[in-house]
Amino acid sequence: MSSTGAADEELITQIAQGDAGAVRVLYARYGRLVFGLAMQIVGDSATAEEVCQDVFMRVWKKSGTYRTDRGKVVTWLARIARNRSIDMLRSHRSRQLGQPAGADEEPAAPGTGVVDPGERLLQSFREQEVRAAVAALPRDQRDALSLAFFKGLTHREIALALGEPLGTVKTRIRDAMAKLRSSLGEKEEE
Amino acid sequence: MARGPYVWWTQYMSNEHQVRDLLPGYSLGILEEEKKNGVREHLARCASCRAELASYSEVTGRLAAAVPEHDVPAGLEDRILKGISASRRVPSVPPRRAPWPALTAIAAACAVALGAGNLLQWKGVLQPSVHGLQSRLTTAVLSGTGDARGAYGTIVLDPADNKGVLAVTGLRGLDKLHQYQLWLIKDGQRRSAGVFSPDAEGYGSMLLSVPPDFKDFRSFGVSIEPWGGSAAPTGLRVLAGTL
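Residue numbers (the numbering used here), protein chains in the order written: chain A, 1 to 190; chain B, 1 to 243.
These are computed hints drawn from the structure, not numbers from a lab. There could be a bad hint or two in this list.
[As the list claims (entries may be wrong)] Heads up, incomplete: computed chain B residues facing chain A, CB under 10 Å, no partners named:
no.	residue
1	Leu22
2	Glu32
3	Ala54
4	Ser85
Ideal Cβ placement from N, Cα and C applies to all residues, glycine included.
Same shape as in the complex, but just chain B:
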């Protein structure tokens, strides 16, 4: 039956122990295609296996970096640099000092605190992984107001990378003409930080760009606004919080 092998393989790959056994081979690049794809799929959703893989990849790198050096052919440097100057360079960003892992760890913690849900979506968006939280992150807790008293949320900002995340829960669904809008508040002035729509269970999340002057914004609010957002708050405020 065609379904049999597929079911077996799905179960196999869902077993973390089995995947972990394959990680040394994966780091060496010696798995057959089917297994390699299975491991890759598992890695996309498993932070602990990604960390495990990183440790094996480091071993592979250490071995590779320990082989004897060899004199290079004359002119190789010029040929490399000529190739580089002739290439159309894809714009690149400077290497990161693991900003996202810290944020992701908080995001995961938020997801647990909020009862899981769709925060897992942006766990995939944020580059996932590893080591603990870092002191530079700034967090704020939002509490429900008025008839949204059961709602709450968390904002995590990483000024070093100009990124942040908002996660909320307990918000009621809105009609198709409205969305929730997040506001940064400074001296009574409000600046929009984006709009979002919660899912059917009341969970909502959003990636944020942290403005350079974010420290001047001591308060945050979420209001109900026409779809796409407003220039200034016009609707009911449902969440509020301070840094």
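Pulled out of the complex, with its shape left as it was, chain A reads as follows:
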């Protein structure tokens, strides 16, 4: 039987064993996070709801793929939610780019829809440790990482959006992730 007091890992085990009640408990615990993340990325409630349904359905079907040595349940769940949200966003974007452009519109280019991506990244996290780690990144790294994380743009698309050389963008994202890994890893060990 699923229990509201069960640890996250126990819930995943129960789900893997076919206990749908454990999905209800997991949803009660993380539904707001999954929906919030989807809202951050896709920006509209109907699509975010679709993401949410997909995420918990995936957990229901694929809970056996969760590995305890690869992080907490919440980060696993959040990764699934982000990936699904980015998939949705790309799907919408490609549909938009597929539409004929109006006479007064710019040629199709991967628009970011974000005036200040670095600032957005800075303001996007409620968890203090993550906020501090992101704030410690140089501004240009935050800009590039924000477009990667929230928009799912490729290196090439980010270079186009920021007007920077491709190699520079790759370096910024790589360095930003390495710094975050270092700073968040240190926090975890404390």
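Keeping the supplied structure of chain A fixed, place chain B upon it in accordance with the hints.
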């Protein structure tokens, strides 16, 4: 020339440093298709890059888990649960507490000890990765007997996951009508644990199912048997060992 780009790309992806540079982007899911496929291929054969990727994926997960929560629409929970109850569920196994990484690490060590070879095959079968050996694993060393004195092998058992591996080397090739068969031995009784055929260089490996009463089996043996194995040993014993 058509071959040029392919050769360049093969060399590029074989360079671990280059792949490592791409892992942050891979963890974010922002690589273009060609690079993504190249990284994926490299990851399939490189445990250290898989571990590196896991560390970046954790960063991605930490960022994703740190965004503000948002009130969910009314009725969403019911719609999710309704979808779940209506779905045909694919049977799943409970999440593992990293049993295979430990086994894989031993398998890799065995492969090195045995001179590499086809153990790499089951490195791909076993789910690969990461952190060190765990105390629950049980190992046994097998030594060659009779005219197979140059042969030896290792058995690694993981009772927690009911799985194990056998790796041997130095065995002579057999004709098409015979195979080697592994036996678990208890009080003089022998139970088959499977058959295998070594490759042309004498390397052989096999995945095992660990029986619940494996601790009662203190000895192991390998004999030459008719193809497919026998109910009890009938041929020459070539390897023997104890826990």
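Hints, one by one, checked against the model:
Hint on Leu22/B holds. Least Cβ distance to chain A is approximately 8 Å, under the 10 Å limit. The beta carbon of Glu32/B comes within 5 Å of a beta carbon in chain A, closer than 10 Å, and the hint placing it at the interface holds. The interface hint given for Ala54/B holds, since its Cβ lies 5 Å from the closest Cβ of chain A, which is under the 10 Å cut-off. Look at Ser85/B: its Cβ gets to within about 6 Å of chain A, closer than 10 Å, so that hint holds up.
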